[in-house]
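The chain contents come next:
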Amino acid sequence: MSQASLRAANNQLLTRHDFEEFLYTEAALIDEWRLDEWLTLFTDDARYLVPSTDCTEDSTPADSLFYIADDRFRMGERVKRLKKKGAHAEWPHSKVRHMVHNVRIRSVEGDTYAVTCNFVVYRTKNDVTNTYVGHNEYKFAVGADGPKIREKRAVLDMDSIRSVGKISIIL
Amino acid sequence: MIEKQSSNSRSQYIIDDGNSGLFKVARKAFVEQDVWQQEQARIFDRCWLYLGHESEVASPNDFVTRAIAGRNLIFNRDASGEVNAFYNTCTHRGAFVCREAKGSSKLFQCFYHGWVYSSEGKLIDQPGKTAYCENFNHDGSSNLARVERLESYRGLYFINFDRNAVSLDTYLGEVREYIDLVMDQAETRMEVVGGTQAYAIDANWKLLCENSIDGYHAVTTHATYLDYLSNTAGSMTNSDMWGAARQFGGGHAAIEYSAPWGRPVARHVAAWGEEGKKDLDAIMARLSQKYGEERARRIGLLNRNILIFPNLVLNDIMAITLRTFYPLSPDRMHVNAWALGPQEETSAMRERRLFNFLEFLGPGGFATPDDVEALEMCQRGYKNLRAVAWNDISKGMTREEPGTSDELQMRAFWRHWNSLMTAQEAAE
Ligand code: FES
Ligand SMILES: [Fe+2]
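Going line by line, the protein sequences match chains A and B. Counting in our numbering, the final residue of the first sequence is number 172, and the numbers go up one at a time with none missing. Counting in our numbering, the final residue of the second sequence is number 534, and the numbers go up one at a time with none missing.
If you are wondering where the hints come from, they were derived from the structure by calculation, not from laboratory data. Small disclaimer: the values here were computed from a predicted structure and weren't measured. Heads up, a few of these hints could be off.
[Unchecked claim] Residues of chain A clear of chain B, computed beta-carbon distances all greater than 10 Å:
hint: 1; residue: Ser3
hint: 2; residue: Arg8
hint: 3; residue: Ala28
hint: 4; residue: Cys56
hint: 5; residue: Glu58
hint: 6; residue: Ser108
hint: 7; residue: Val134
[What the hints assert, rightly or not] Only pairs whose alpha carbons sit at most 16 Å apart, straight line, appear in this in silico EDC-like list of lysine to aspartate or glutamate:
hint: 8; chain 1: B; residue 1: Lys208; chain 2: B; residue 2: Glu160
hint: 9; chain 1: A; residue 1: Lys85; chain 2: B; residue 2: Asp286
hint: 10; chain 1: A; residue 1: Lys86; chain 2: B; residue 2: Glu226
hint: 11; chain 1: B; residue 1: Lys212; chain 2: B; residue 2: Asp231
hint: 12; chain 1: B; residue 1: Lys489; chain 2: B; residue 2: Glu450
hint: 13; chain 1: B; residue 1: Lys396; chain 2: B; residue 2: Glu293
hint: 14; chain 1: A; residue 1: Lys81; chain 2: A; residue 2: Glu38
hint: 15; chain 1: A; residue 1: Lys84; chain 2: B; residue 2: Asp333
hint: 16; chain 1: A; residue 1: Lys140; chain 2: A; residue 2: Glu21
hint: 17; chain 1: B; residue 1: Lys212; chain 2: B; residue 2: Glu226
hint: 18; chain 1: B; residue 1: Lys208; chain 2: A; residue 2: Asp55
hint: 19; chain 1: B; residue 1: Lys130; chain 2: B; residue 2: Asp498
hint: 20; chain 1: B; residue 1: Lys228; chain 2: B; residue 2: Asp245
hint: 21; chain 1: A; residue 1: Lys96; chain 2: A; residue 2: Glu33
hint: 22; chain 1: A; residue 1: Lys140; chain 2: A; residue 2: Asp112
hint: 23; chain 1: B; residue 1: Lys396; chain 2: B; residue 2: Asp286
hint: 24; chain 1: A; residue 1: Lys126; chain 2: B; residue 2: Asp308
hint: 25; chain 1: B; residue 1: Lys208; chain 2: A; residue 2: Asp160
hint: 26; chain 1: A; residue 1: Lys81; chain 2: B; residue 2: Glu399
hint: 27; chain 1: B; residue 1: Lys208; chain 2: B; residue 2: Asp168
hint: 28; chain 1: A; residue 1: Lys140; chain 2: A; residue 2: Asp72
[What the hints assert, rightly or not] Pairwise CB distance ranges, derived in the manner of DEER restraints:
hint: 29; chain 1: A; residue 1: Glu33; chain 2: B; residue 2: Arg205; range: 37 to 45 Å
hint: 30; chain 1: A; residue 1: Thr125; chain 2: B; residue 2: Thr326; range: 23 to 31 Å
hint: 31; chain 1: B; residue 1: Glu188; chain 2: A; residue 2: Val134; range: 38 to 46 Å
hint: 32; chain 1: B; residue 1: Asn114; chain 2: A; residue 2: Met159; range: 28 to 36 Å
hint: 33; chain 1: B; residue 1: Ala185; chain 2: A; residue 2: Asp59; range: 24 to 32 Å
hint: 34; chain 1: A; residue 1: Asp59; chain 2: B; residue 2: Gln146; range: 37 to 45 Å
Note that beta-carbon positions come from the ideal geometry of N, C-alpha and C, so glycine has one too.
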């Protein structure tokens, strides 16, 4: 049992360290292409969002065109797809490396924690290394078995995605 | 349509052999610097190019800046309500007068020495004005320069850098019928939804022209997308893909077909529930009343991938996308894509539209990344140009009625491209 789930079970507040542990684990699962395990970090009603770079903070996938706006079902389908040879953009799998920094708990309301972090993600394919820079806005739901991600909003701090071409990996 | 008899020509770029049913395109058209340079002069400096949608400059003083065919432009609606296209360069010494992607402004002020232009492009102030001669700018030559031509069709604004170009209506010709089929989906008007997908592909721009109207590749390139559709039982009706290809002259072409996915206007799928069905029934009833049942069914139920020569794609499929792209070099292009929807659409339907859009379209979707990969692999393949010099685009050439997975629509593009690139010019 992780420290975070112990604390959660004892009704104690989670700490930054708990979330750092969690986010490092998430990063490792994506980098190692253990995407089925990555999915288990999310609640059943989770969403994974990547807004277009000209969206604002209030933009939602209901009113604006994003790059990615998956509900939990589509996240599962995304993972299924990425595991197939027919996901041509990611076959053979690119090399992915997530750097996670500046983890901060922004607010706690009941069982919901708002956590933000900065990220740099490197993707190497066909001898080209692309860099994605941005910050993640997480909403965690903390239950007796520890934290799970209810929403992950990966906001690119870029003017467009021309320098990286596409977002075929998980950010 | 009897393609066989209408085609029989050969240039350094294409072999169009209607008698044998063979159509070949020279791979050098995708890689050579000379070809790219000639394209700038003969295509991008002559053809009507998509600038933006009226809804992006809905109110007086709204502006967006846009890079088009190597130029940096301002698209705005001025204080008096007129729509303009200006070159984004100060007439003093050249700096950008507008450095934001979009906004609202009565004035454009160059920050270098402080010259100020009105939203109509008039030079209205210069610091130290008394030091200039009395007649300075009496001929307007120091106002913001206007793009040579600006015209619109059904809310789509196009520019042309050739002052003597034919009118936009003439240029679009018969493809207007297909633009109408998209725009008529709105009871009020169409609007661009917030959020731009701005990405890039390391491949020649003509590969994306082909790909955008290529019905042949879906089953192979997009197998994982089709798997996804069949996993989402409620998101699919059981209609197979069938339909027809059309060419309109002027290089414009389209495919029109039925497909299994839901359409926000207006093909229902179970995933949208009773609520969604009510919305769609109401839309179909309105369309039938306005356009008659047959046209209403065509507008609402059929899908269209439309290529407006040279580089505007209007795909009216599980959502509507406007996509335009410009080559930076023979092997790289910038792509901009937007979602289009009826202004009066309910928020629930708008949400479905955008959800639909992202499952297939765009650089984070379940299909576009694989298109991008395919195009980039083609471009890499052309490194073998000396050994393998020609592409094949012959599919369906001997058929009476080529289907959507044939390549008539691509041949239409290439024939026109070839005619512009090989025309004897008086000046030369
Ligand atoms: S360059 Fe614009 S004011 Fe001098
Ligand atoms: Fe495709």
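Mind listing which of the numbered hints don't hold for this structure, in increasing order? Of the numbered hints, 4, 9, 10, 12, 26 and 32 do not hold.
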